[in-house]
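2 protein chains.
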Amino acid sequence: MSASTDITAARLIAVDWGTSRLRAWLLDANGAQLATASSDDGIGKLTGGHEQVFETLAAPWPKVPAIMAGMVGSRQGWREATYLPCPATAWSIGGKLARFATGTGREVAIVPGLAVRPPNRDGDVIRGEETQMIGLIDREPGFSGTVILPGTHSKWARIEAGAILDFQTFMTGELFELLSQKSFLRHSVAEGADDLSALPDFALAVERTLVEGLPFLGALFSVRARQLLAGVSRENNLAYLSGLIIGGEIAAARAMGSLPAGAGVRIVAAPSLLRAYTTALAIAGLKAEPRDGSELVLTGLRHLARAAGLLEQAS
Amino acid sequence: MSASTDITAARLIAVDWGTSRLRAWLLDANGAQLATASSDDGIGKLTGGHEQVFETLAAPWPKVPAIMAGMVGSRQGWREATYLPCPATAWSIGGKLARFATGTGREVAIVPGLAVRPPNRDGDVIRGEETQMIGLIDREPGFSGTVILPGTHSKWARIEAGAILDFQTFMTGELFELLSQKSFLRHSVAEGADDLSALPDFALAVERTLVEGLPFLGALFSVRARQLLAGVSRENNLAYLSGLIIGGEIAAARAMGSLPAGAGVRIVAAPSLLRAYTTALAIAGLKAEPRDGSELVLTGLRHLARAAGLLEQAS
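Residue numbers (the numbering used here), protein chains in the order written: chain S, 7 to 321; chain P, 7 to 321.
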C-alpha cells in the first residue's frame with residue numbers, strides 16, 4: 007500500500023500466522039486493505055513472546071482488534087483454539103473464535119481448527135487450511151467438490167453447499183523430505199532439482215502408481231536399484247521418488263473416497279507444487295482449477311470476521 | 007569353544023561382516039567350528055583399515071583363508087564384489103567369489119550380492135541375505151516357496167529347486183525409525199516399547215491394512231489424530247504405526263506376487279521381529295516357519311566355501 011493510504015480508517019488486522027511465517031493485513035470496515043506487514047517469526051521458532059512479536063509488527067498501525075488463523079491457535083501457539091467438528095461453515099467457525107484481550111488491551115480472535123471423527127475411522131485434524139477453504143466458499147458459494155491443499159501435510163477436503171464436510175491429511179511433503187534427505191535413498195537421488203515434474207521419471211512413477219497400481223511400500227527401494235542397476239541420473243531419480251509419493255497420495259485419496267466422481271476439483275498450491283500436482287492429477291484423469299492460497303486466506307479471514315461481527319457485513 | 011579345542015586343524019575362517027557387526031568362525035576341513043570371535047567394527051563405521059580390523063580379530067588363529075559375506079563386499083566395504091544375476095545357486099555364487107590375497111598373504115574370498123532385473127520392473131539388489139538363503143537351501147534342499155528376512159530393509163525372496171529366483175526389498179525398518187523418531191508423528195508415539203506386537207493396536211493396524219485395504223499413505227496421519235482426538239496411549243500408538251508399516255509390507259508383497267499361493271513360507275528374524283511378523287502374517291492367513299539367521303549364515307558360508315573348493319565336500 008502506498009504511504010498516502012489513510013490508515014486511520016483501520017478497523018481490523020487480519021493475520022495468517024503459520025509455522026514459518028506471519029503475515030498481517032490492515033483492513034477498513036469494509037475489509038479493504040490499507041497496509042500489509044510480514045515477518046519470519048513463525049510459530050515454529052517461537053517459545054513464547056507471541057504478544058511482543060505481534061505488537062512490534064503492528065506498532066505503526068492503529069490499535070484495532072485482530073483476527074488470526076494458523077498454528078497461532080495450536081497448543082504451541084499464542085492461545086489454543088480447539089478443534090471444531092465438521093460439517094463446518096463460516097458461521098459455525100466465526101461463532102467459535104477464541105477471543106481474548108491482551109494485557110495492553112488489544113482484542114484478539116483466533117480461528118479454531120477443524121476435526122473429523124467418522125465412526126469407522128480414526129479422524130483427522132486441520133489448522134489454517136480451514137480459513138483458505140472458507141475463502142474459497144466466499145468466492146464460489148455454489149462450489150461442490152474437492153479442494154486439494156498440497157504441502158508438508160497435504161489436505162484433501164470435500165466442500166458442499168458452503169460447508170466443509172470432511173477432509174483427510176497425507177504426509178506427502180514431509181515424507182519426501184525424510185526419504186530424500188534422511189533415508190538410505192539419499193545416496194541415490196540429487197539434493198534438489200528445479201522443476202521435478204518436468205523430468206521424465208516423475209510422470210513414469212505417477213503412471214506406475216496410478217495406472218499399474220504399484221504399491222508405494224513395494225516401489226520405494228527401486229529408487230536405489232534404479233541408480234545402481236539402471237544408471238538413472240540422481241535428478242531424474244529424485245523426480246521418480248517425488249512421483250511415487252505424490253502419485254501415492256492421489257491413489258490413496260481415490261481409494262478412500264476423497265474424490266467423488268463428477269465433482270469439481272480446486273487446488274491451492276505454490277507454482278512448482280502446482281505443476282507437479284497438475285501433471286499427476288492429469289494422469290489420474292482429473293483436472294484441478296488452481297486458486298491462490300494467499301488471496302484465499304485473506305478472503306477467508308474477512309469472511310470469518312464478518313461472521314463474527316468484527317467487520318461489517320458485505321453489502 | 008573351549009580352550010582345549012585344537013585350532014591347528016583350522017582350514018578356513020567364515021566371516022559375516024555386516025553394517026554394524028563382524029562375526030567370525032574358525033572352521034576345520036569339514037566345516038566343524040573350532041573357535042568364534044566378534045567385534046562391533048561394522049562396515050558402517052569404517053572408512054578403511056578393513057585388513058587391520060580383520061587381522062587383529064583373527065590374530066590368535068592360524069593364518070588360513072577367509073570367506074566373507076555381507077556389506078564387506080559393497081562399494082563401502084573392503085573389496086567390491088559385484089551383483090550376480092538371478093536365478094542363483096550355491097554353485098553360481100561360489101564360482102564367482104571376489105578372491106584376492108592381502109599384503110600379508112592372507113587369501114580372502116568375498117561373496118557377491120545378487121541382482122534381479124526383470125523386464126518390466128526396476129530391479130532390486132541384495133547383499134548378505136543371499137548367504138542366509140544359501141544356508142536355507144543347504145538345510146532344506148527340497149524347499150520351494152518364500153523366504154522373508156525382516157529388518158531395516160526387509161527382503162522377500164522366492165526359492166525353488168535350490169535356486170534363488172527373485173526377491174524384493176521393502177524399507178520397513180528404516181521407515182519405522184524415520185517416522186517414529188524423525189517425523190512430526192514422533193510427538194504422538196512413545197520412544198520405544200518392549201513388545202509392540204503384543205499391544206492391541208498393532209493387530210488393529212495390520213487388519214485395517216490387510217483386511218480392509220487401508221492404503222499406507224492414507225493411514226499415516228491418523229497416528230497423529232488418534233493421539234489428539236482419541237487419546238490413544240503413545241505406546242499403543244507406536245504399535246499402531248508399526249502395524250501400518252509391517253502390514254503395508256505384507257500387502258505390497260502380496261500385491262506384487264511375492265507370495266505364490268500354496269508355497270511354503272520361512273522367516274528369518276530375531277525374536278521381537280519374529281513375533282510381530284508372525285502376528286501380521288497370521289492376519290494375512292499365512293503361517294511362516296521360523297529359522298535362525300545366525301545359524302543360516304554360517305551354514306551358507308560353509309556351503310559356498312565347499313562350492314568354491316575352500317572346504318572339502320560334505321560326505
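Just so you know, these hints were derived from the structure itself, not from any lab. Being a predicted model, the structure only gives us computed values, none of them experimental. Do not rely on the hints blindly, as some may be mistaken.
Same chains, same names: a pair is fine if it fits in one copy or spans any two.
To be verified - Here are the computed lysine to any residue pairs in the SDA-like style, where the Cα-Cα straight-line distance is at most 25 Å: (1) Lys51 with Lys188; (2) Lys188 with Gly54; (3) Lys69 with Val271; (4) Lys51 with Pro266; (5) Lys102 with Arg192; (6) Lys188 with Leu287; (7) Lys188 with Gly237; (8) Lys188 with Gly48; (9) Lys69 with Thr14; (10) Lys188 with Leu279; (11) Lys293 with Gly55; (12) Lys51 with Gln233; (13) Lys102 with Leu234; (14) Lys102 with Ala236; (15) Lys188 with Ser26; (16) Lys293 with Ala236; (17) Lys102 with Gln233; (18) Lys51 with Leu63; (19) Lys293 with Leu63; (20) Lys51 with Leu234; (21) Lys102 with Arg112; (22) Lys188 with Thr158.
So, going through the hints one by one against the coordinates:
1. Lys51 with Lys188: Both. Shortest intra-copy (22 Å) and inter-copy (17 Å) distances satisfy the 25 Å Cα cut-off.
2. Lys188 with Gly54: between (30 Å within a copy, 24 Å between copies)
3. Lys69 with Val271: Result: close neither inside a copy nor across copies, 40 Å intra and 71 Å inter.
4. Lys51 with Pro266: Intra 39 Å, inter 52 Å, cutoff 25 Å: neither.
5. Lys102 with Arg192: Cα proximity of Lys102 and Arg192: none, with 45 Å in one copy and 30 Å across.
6. Lys188 with Leu287: Classified as neither; 28 Å inside a copy, 29 Å across copies.
7. Lys188 with Gly237: This pair counts as within: shortest intra-copy Cα distance 22 Å, inter-copy 30 Å.
8. Lys188 with Gly48: both (24 Å within a copy, 20 Å between copies)
9. Lys69 with Thr14: Close inside one copy (10 Å), not across copies (91 Å); limit 25 Å.
10. Lys188 with Leu279: both (21 Å within a copy, 23 Å between copies)
11. Lys293 with Gly55: Close neither inside one copy (44 Å) nor across copies (58 Å); limit 25 Å.
12. Lys51 with Gln233: between (37 Å within a copy, 24 Å between copies)
13. Lys102 with Leu234: between (55 Å within a copy, 20 Å between copies)
14. Lys102 with Ala236: between (57 Å within a copy, 22 Å between copies)
15. Lys188 with Ser26: both (21 Å within a copy, 18 Å between copies)
16. Lys293 with Ala236: neither (33 Å within a copy, 36 Å between copies)
17. Lys102 with Gln233: between (53 Å within a copy, 23 Å between copies)
18. Lys51 with Leu63: For Lys51 and Leu63, the Cα distance is within 25 Å only inside one copy (16 Å; across copies 49 Å).
19. Lys293 with Leu63: Classified as neither: same-chain Cα gap 40 Å, cross-chain 64 Å, threshold 25 Å.
20. Lys51 with Leu234: between (39 Å within a copy, 22 Å between copies)
21. Lys102 with Arg112: within (19 Å within a copy, 78 Å between copies)
22. Lys188 with Thr158: Both ways: Lys188 and Thr158 sit 15 Å apart in one copy and 14 Å across, limit 25 Å.
Comparing the model with each earlier hint shows violations of hints 3, 4, 5, 6, 11, 16 and 19; every other hint is respected.
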